[in-house]
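K.L.:
Which chain is which? The protein sequence lines are A and B, in order. Position 11 of the first sequence, counted from 1, bears residue number 330 in our numbering, the numbering being contiguous throughout. Position 438 of the second sequence, counted from 1, bears residue number 757 in our numbering, the numbering being contiguous throughout.
Take every hint as true, because none was put in to throw you off.
For chains that are exact copies, the list does not tell them apart, and a pair is met inside one copy or across any two.
Distance condition first, Cα-Cα at most 20 Å in a straight line; then the derived EDC-like pairs of lysine to aspartate or glutamate:
1) K482 to E433
2) K371 to D533
3) K371 to D491
4) K482 to E549
5) K482 to E563
6) K606 to E672
7) K606 to E678
8) K606 to D699
If you're looking for bench data, these hints aren't it; they were derived computationally from the structure.
Number of protein chains: 2
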Amino acid sequence: MHLNPLFGIRSKAGTWALAGIFFLLLGYMAQAQQSDSLLIRRLYSAALTEGKAYGWLDYLSNQIGGRLSGSVQAEQAVEYTRKELESLGLDRVWLQPVMVPKWVRGTTEFAYIESDPGNTNNVPICALGGSVATPPGGLKAQVVEVDGIAALDSLGREAIEGKIVFFNRPMDPTQIHTFQAYSGCVDQRYSGAAEAARYGAAGVIVRSMNLRLDDYPHTGSMSYGELSLEERIPAAAISTNGAELLSTTLKLNPDIRFFFRQSCRQLEDVPSHNVIGEVRGTEFPEKVMVVGGHLDSWDLGDGSHDDGAGCVQSMEALRLLLSQGYRPRHTIRVVLFMNEENGLRGGRAYAAEAQRKGEEHIFALESDAGGFTPRGFSFDCSDAAFEHIQSWKPLFEPYLVHQFTRGGGGADIGPLKPQGPILAGLRPDSQRYFDYHHAENDTFSAVNKRELELGAATMAALLYLVDSQVGALTDREEGR
Amino acid sequence: MHLNPLFGIRSKAGTWALAGIFFLLLGYMAQAQQSDSLLIRRLYSAALTEGKAYGWLDYLSNQIGGRLSGSVQAEQAVEYTRKELESLGLDRVWLQPVMVPKWVRGTTEFAYIESDPGNTNNVPICALGGSVATPPGGLKAQVVEVDGIAALDSLGREAIEGKIVFFNRPMDPTQIHTFQAYSGCVDQRYSGAAEAARYGAAGVIVRSMNLRLDDYPHTGSMSYGELSLEERIPAAAISTNGAELLSTTLKLNPDIRFFFRQSCRQLEDVPSHNVIGEVRGTEFPEKVMVVGGHLDSWDLGDGSHDDGAGCVQSMEALRLLLSQGYRPRHTIRVVLFMNEENGLRGGRAYAAEAQRKGEEHIFALESDAGGFTPRGFSFDCSDAAFEHIQSWKPLFEPYLVHQFTRGGGGADIGPLKPQGPILAGLRPDSQRYFDYHHAENDTFSAVNKRELELGAATMAALLYLVDSQVGALTDREEGR
Chain A
320 MHLNPLFGIR
330 SKAGTWALAG
340 IFFLLLGYMA
350 QAQQSDSLLI
360 RRLYSAALTE
370 GKAYGWLDYL
380 SNQIGGRLSG
390 SVQAEQAVEY
400 TRKELESLGL
410 DRVWLQPVMV
420 PKWVRGTTEF
430 AYIESDPGNT
440 NNVPICALGG
450 SVATPPGGLK
460 AQVVEVDGIA
470 ALDSLGREAI
480 EGKIVFFNRP
490 MDPTQIHTFQ
500 AYSGCVDQRY
510 SGAAEAARYG
520 AAGVIVRSMN
530 LRLDDYPHTG
540 SMSYGELSLE
550 ERIPAAAIST
560 NGAELLSTTL
570 KLNPDIRFFF
580 RQSCRQLEDV
590 PSHNVIGEVR
600 GTEFPEKVMV
610 VGGHLDSWDL
620 GDGSHDDGAG
630 CVQSMEALRL
640 LLSQGYRPRH
650 TIRVVLFMNE
660 ENGLRGGRAY
670 AAEAQRKGEE
680 HIFALESDAG
690 GFTPRGFSFD
700 CSDAAFEHIQ
710 SWKPLFEPYL
720 VHQFTRGGGG
730 ADIGPLKPQG
740 PILAGLRPDS
750 QRYFDYHHAE
760 NDTFSAVNKR
770 ELELGAATMA
780 ALLYLVDSQV
790 GALTDREEGR
Chain B
320 MHLNPLFGIR
330 SKAGTWALAG
340 IFFLLLGYMA
350 QAQQSDSLLI
360 RRLYSAALTE
370 GKAYGWLDYL
380 SNQIGGRLSG
390 SVQAEQAVEY
400 TRKELESLGL
410 DRVWLQPVMV
420 PKWVRGTTEF
430 AYIESDPGNT
440 NNVPICALGG
450 SVATPPGGLK
460 AQVVEVDGIA
470 ALDSLGREAI
480 EGKIVFFNRP
490 MDPTQIHTFQ
500 AYSGCVDQRY
510 SGAAEAARYG
520 AAGVIVRSMN
530 LRLDDYPHTG
540 SMSYGELSLE
550 ERIPAAAIST
560 NGAELLSTTL
570 KLNPDIRFFF
580 RQSCRQLEDV
590 PSHNVIGEVR
600 GTEFPEKVMV
610 VGGHLDSWDL
620 GDGSHDDGAG
630 CVQSMEALRL
640 LLSQGYRPRH
650 TIRVVLFMNE
660 ENGLRGGRAY
670 AAEAQRKGEE
680 HIFALESDAG
690 GFTPRGFSFD
700 CSDAAFEHIQ
710 SWKPLFEPYL
720 VHQFTRGGGG
730 ADIGPLKPQG
740 PILAGLRPDS
750 QRYFDYHHAE
760 NDTFSAVNKR
770 ELELGAATMA
780 ALLYLVDSQV
790 GALTDREEGR
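Turn these sequences into a full structure, and let the hints guide you.
P.N.:
Laid out in structure tokens, this is it:
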């Protein structure tokens, strides 16, 4: 019988030596797991006791405000976050130029339901981002209510021509993940105008993407697709209460008129920037990990949840790691992307430059789902990598972070996907997100300090685990 | 060889028959699990689409308001919830008499820090529940700041006599479960006055049990223990911002005076009621399951989170089960307990009557941790029962309910414990709870409709599982 030279040792001393090696290994592994959990504990404690995220968000929200691409506020936010990143003692902070669309809302929108001539009810609306204006005196027309784009075809041009199409499919309240309810509705907002225009509609009113009944209209991006400038029709969101009122009124009398007036317009593209801060890796400086959110927001509120929270959490995640004396093995970049909301130019520019320079991105994490209690992450990676990631669950359990799911990472980091990094997205509690999303009430006061901080610590913990165990992930990743 | 008559069958037909039985069993089990998950899905959908909890809470909070034991509002709440329970078509709704303490706040409290004579800063305070009044003209004295009760002994009578003791130990922000941070501090509020009085203190000011820095003083129960009426000293809570200001001022000048005035007092006990609604079990009507919250609240806010939410969720949990055509095998009682906050008389009276009547309580579930996104339950039961309960985790996974921990059920159901039921407590997300707890801002607007509804559905799902599988639980429970 051939014996393996090592395992063949039969002497007592040899047996003890083997046992010793075995227990040393076990001890080493236990120690590694323990040191992981200790560092993670310190990250959370630091976030909760001397965190910077909330103060940064206060400034972004209350001193700067809504940061629509191309606005003065967006440029103020670029300047502010660049300075704050510079104060963190990173290896390098820079601005990456990117041309962005500039759409302006103009004067406050106005709308009413006219049940009879002179008998009107004002309702809260706002122009959708990218929409054209109404004629200066406004647009008044009959209304045809539909529950989605598919209904246009069955109604046909005759029923639609010259009218305002009212897209009124609500978000499905039975969805537990509210983002799924959003996905099931948002085509009305994004493509409703382009589709209705094909049937000769004069304008479009879309029920706000909000699970709650309230008085805030929620804006958001829309596209005219291939329509020429002349073919474009104005599109606005109406608050959920307004939508209910309009729908009820239509049921009583389908002949009522709807009036709305908006003076928004699209200007020429303007220069702006992604804001980037980097710490060079001690072992693999050429391998890059990204953590980020988007610095632009809509203009109605302060953009505190969407996505001021994600920006300050990203900055904080890196700051937390450094504050605990951790020096990453791989280069970690905080990237505050410009123009996620209405163009994704920042995300595309970042990925394009990475591609051009031949940079190797191994991991990217985005926070763009609000500053609420963190519940977990979604991962876009191979099965094998996901399996390894799931072995980290016990490390997150003490922080009540339980959800490790497959799914997209985030819009801004999406363009990196062809380059093969593992993509991840922070998944906070989603129940309140659409109460504020793209609306006037997305303000600093809607963000809870601890919830924001817990999210930042959760991101820092994931960055740490990826940085320290990326070998196990990327070996597996190559198999995908 | 002796063969078991069934398993000894060796014929082909017998083998097929056995396989058939096996697959029938498997099929039955799979079907049972599937029907569990379908019913649970329907409970959540019903809660989210045609739930009653939010409307009930609106009435309790906005039409009735704070429901301190012995107050008119508490009695209005008894009447309102009794009527609402009667409208649900239960088998029986009744009021259980209970004598409750009646403490009244009197005129609004007033306090200031006097740095020099005539140089004062007003600070927000409120009397602690159960405190005596200050003299009618108020109490002004030097202040000695301590970080807890233990510090009194090292300071000694000389340093304390005639002064106001300022308990300023903050809640520990590094605790992820905020209730643990609360537990680590609340002795200052509950026993601080009794302990300080032993050293001759003139009064007590306690930092509010709040993780946030803000301007709301948070009340809560306190006890003088064995102190005679003459020995009692007035005790008030100060807002966290006020506590920071007082502490900072003391560091600059330990000689400053603090003034406060309050006119609260304890009156004679008055009659009140627990509100109980019951559906009789179809199979085991003599075995009782309880679901409840407490109807009383503090008086500063509306008591929406504490514990209006728990009351309406308990009512809703039973309503949801019935609305889905489910008829419980065991008797289920909704119990809205009176006087949790400052006496626990309702919980004690309920348990005492159950004991007196020889009622068999097999399970009790309380919701008293706010109307936030449900994260799980804590269970007070045997190891074996807990093991079976954990087998339900996959059924809750789609609703992002992950935490199944050991721990207490709730204050009101605690007195049932000697009678042996499994006790459970709903565990919602706790990050924001102490922002509102016992303070003026615990109002309806602080409750999110979906979060409240998800909690109710989660409770209904647990009631269903216990009711349908209680055999497995109680068999195991007997081994404890």
